[in-house]
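**Q** Going line by line, the protein sequences match chains A and B.
Number 238 in numbering that gives the first Met the number 0 belongs to position 239 of the first sequence; there are no gaps in the numbering.
Number 66 in numbering that gives the first Met the number 0 belongs to position 67 of the second sequence; there are no gaps in the numbering.
For the record, the hints were derived by calculation from the structure and aren't laboratory data.
Misleading hints may appear alongside valid ones.
Because identical chains share one entry, a pair is satisfied inside a single copy or across any pair of copies.
Here are the computed lysine-lysine pairs in the DSSO-like style, where the Cα-Cα straight-line distance is at most 30 Å [unchecked claim]:
1) LYS178 with LYS310
2) LYS363 with LYS178
3) LYS112 with LYS178
4) LYS291 with LYS138
5) LYS178 with LYS291
6) LYS327 with LYS136
7) LYS112 with LYS127
8) LYS367 with LYS178
9) LYS178 with LYS107
10) LYS178 with LYS45
11) LYS107 with LYS132
12) LYS384 with LYS127
13) LYS384 with LYS64
14) LYS363 with LYS384
15) LYS363 with LYS123
16) LYS111 with LYS384
17) LYS123 with LYS367
18) LYS111 with LYS291
19) LYS367 with LYS107
20) LYS132 with LYS291
21) LYS127 with LYS64
22) LYS138 with LYS367
Number of protein chains: 2
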Amino acid sequence: MFSSSLLRNVIPVSSEGVFSCVKCRSRQYCQKQFKKLTIRDALSSKALGSNVRIQGWVRSVRSQKEHLFLHVNDGSSLQALQVVASNDLNDSDLTFGSAIDVTGCLEKSPSKKQNVELHAKQIKVTGKCDPIKFPFKIKERHPMEYIRQYPHLRCRTNTFSALLRIRSEATSAIQSYFKDNGFIQIHTPVITSNDCEGAGELFQLEPAGSGKTQDERSQHFFSVPTYLTVSGQLHLEVMSGAFPAVYTFGPTFRAENSQSRRHLAEFYMVEAEISFTESLEDVMAVMENLFKASTEHVLTHCAEDVELFHKFVASGHRGQVDVMLSRKFYVISYTEAIDILNRSSQTFTFPTEWGCDLQTEHEKYLVKHCGNIPVFVTDYPYDLKPFYARDNQDHPRHTAAAVDLLVPGVGELCGASLREERLDLLQNRLAQAGLEEEYEWYLQLRRFGSVPHGGFGMGFERYLQCILGVDNIKDVIPFARFSHSCLL
Amino acid sequence: MFSSSLLRNVIPVSSEGVFSCVKCRSRQYCQKQFKKLTIRDALSSKALGSNVRIQGWVRSVRSQKEHLFLHVNDGSSLQALQVVASNDLNDSDLTFGSAIDVTGCLEKSPSKKQNVELHAKQIKVTGKCDPIKFPFKIKERHPMEYIRQYPHLRCRTNTFSALLRIRSEATSAIQSYFKDNGFIQIHTPVITSNDCEGAGELFQLEPAGSGKTQDERSQHFFSVPTYLTVSGQLHLEVMSGAFPAVYTFGPTFRAENSQSRRHLAEFYMVEAEISFTESLEDVMAVMENLFKASTEHVLTHCAEDVELFHKFVASGHRGQVDVMLSRKFYVISYTEAIDILNRSSQTFTFPTEWGCDLQTEHEKYLVKHCGNIPVFVTDYPYDLKPFYARDNQDHPRHTAAAVDLLVPGVGELCGASLREERLDLLQNRLAQAGLEEEYEWYLQLRRFGSVPHGGFGMGFERYLQCILGVDNIKDVIPFARFSHSCLL
């Protein structure tokens, strides 16, 4: 973004803005002749002796006899750049958290901790920071619960700054995986008029204003009641009638009154839909490949940031991640899962009879049972699954072609199914539920060139929790929304 | 996604599923030995004589004396694959819109229109399509207004399928631009408790259910009233205190009771925030580079799809796009813009005095005046801009460091400003508006290490309208939401 030609035309000036280097006092430059670099680029620069300008926030200040040592971070990397200056440049405003603008010479560092350091010619404090009032303290590793109280400032901590870089890279890795495999990205809508499976726990919308009832106002705007989406699946299925593979990656909503470590009112979902599927294995292959490819990408491209989590947040978690990546995921049927639970010596709070839904305690047990390798649980009881799940037409135990992916620490990471593409079966099930009219548009997808298809949804925050070992979902999203909390 | 090893192990079988090629009747294969290919891959395949399997939807059927000719499309490309079969394989279910599964030999096509064609061994109709009831008719180019009535089926038309491929590629191009330039992607929240500039036109949220007033229920869930975001800017500004550059790309909402060709209730915005800015030019450079880099990427990677628009939807539009790409964008000040408008012979509906906001008619005139080159209009009257815009502290005409980018056909594509980073000025302005308390968190960003920063927002749908020449914004989004309409 910034021109490097500034560097090539270094002309000595005698006007204002004249500085002398802490080392090479003879040379004089004006500020414009300094190349603007991010800390990341400065740290990896080979251009020793070059004149550069960096900007960022002070992470530490140490004043010695002759020299002043600062560590400056700008969020482009976890690492800070060491700035060495003459003590003449010291200033009482040079405090932890203050924003500074430094021009100087990039020099080889005598320390083993970094390759380069910046010998400052000028240090300008652009934004002061009162260290008493600033909630974060120098050289302190604050607990996640503490920094969570400051949603507008927590990106200034090393941990949350690392998290945001990882989240950005993981987003990009997931998008690349889909693009490289021929998936078209579809922006499925946030506002929807279908109440998605009649699942309850929906947020309803209306134009702001007061005095009228929700129905009056809602009907006024869209002419029908509208909700925030709980899944883009049905809209992706529309696209399954025209493309080989599609995906969406966006916010999803649940008005669940939960304060759990695994639930948010607004969270991100990766959802994909694959046309021309042969069996559930086609969908499982995409889930496993996506998980592994994205995780390997993140481990490679955010090595330092990930290490921070695996060292200070979830010590020893890296081993578990490596095991997940190196092993083929297990596949067991729901019926086998029920057998495993019933054979176990553990006492469960919830029932484990065939036909009961698996609870978090069951999911966690099953993953442990499988040696902490992620495990696909397939073919759930037909009656547990929504109308769109494909009927396996088996008996006496009637199942649907649905699968969940369970992972260590988190439990359910993905849910998937083949979708019922057979018009007569789908029509019967919708009729039984009294939904035939409401889902006439969905039935039409099966009337006009229906193809076998299936898909899955993966909770993006749970994915981050799983690979980083973060216990609370509120710590892996920039701004957490949950019951009784919507800060900023 | 699909194994190519199937192709390497071609073993003749004598069991069920035995077919003979229309050309080379001697060879016999079972279906499993056919390599599954998308139409796109089949069309570009060099493996003539190989056994492949394709799946897709019939775009045309033509039966001649001995042979049957089909065109099959699967959405992986605009082009369809020609399938040639013996007339024995004809079937009354082989209609326009039906889904088929074809196995056969890939052969060189005698036609100039395509390199390869598929000589079918078997054709299976997997999903019938009643051509009378299907709203789209064979070989007909339906008007946009017509296909817009079928949000669940319009992706089955060539035009809308092309649009969705372009939209996906443009999304990816924009994300690549930011990633390559060191921007961190931030998922700014959809649900927010701040009413963003007090701009009105907000959607308010509450858990679904009836009987209570909106305030009772809303307060019950988040403890404060909550809205759908109208911009991620303030949340991005949080991140400007920790990163050199950030961006967000997601849905944004306005409860505007408008049926215009340029407005939607739910639309996508690309928003970026750049720290350590020197002037408005830093932000303008990013806008211009983003526009040009993304557009060039789309023109290169979706050449066929874009050509469809520039041929059938907006004839001659390509020339206009090439002009936009080849020329440096103009920069004029708001004051100059007002002079231009006042010197013009055109009669405007809205006033053109200094201090009045520019209306669409003014914006369109200015772009024409600049020879249909995009034009930046800078330094708007201070009183027209929200509290966060940086005060230019000029007089007598008091302006703010804000800029809009106007483009042909669309008018305003981007809005940008430097943000007021000076605590005292910001505090005064918020106090005057009585917002000091509500925005205390925002003031704190300036209390703790404030840096000069600025950013912009670009309407993604308007961007697509601009480069494709699409007149109505409802035709460039998968599912359009606007007043009185929220289908599906």
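**Q** Need the list of violated hint numbers for this structure, in ascending order.
**A** Going through the list in order, the structure violates hints 2, 4, 6, 8, 11, 13, 15, 16, 17, 18, 19, 20, 22 and respects the others.
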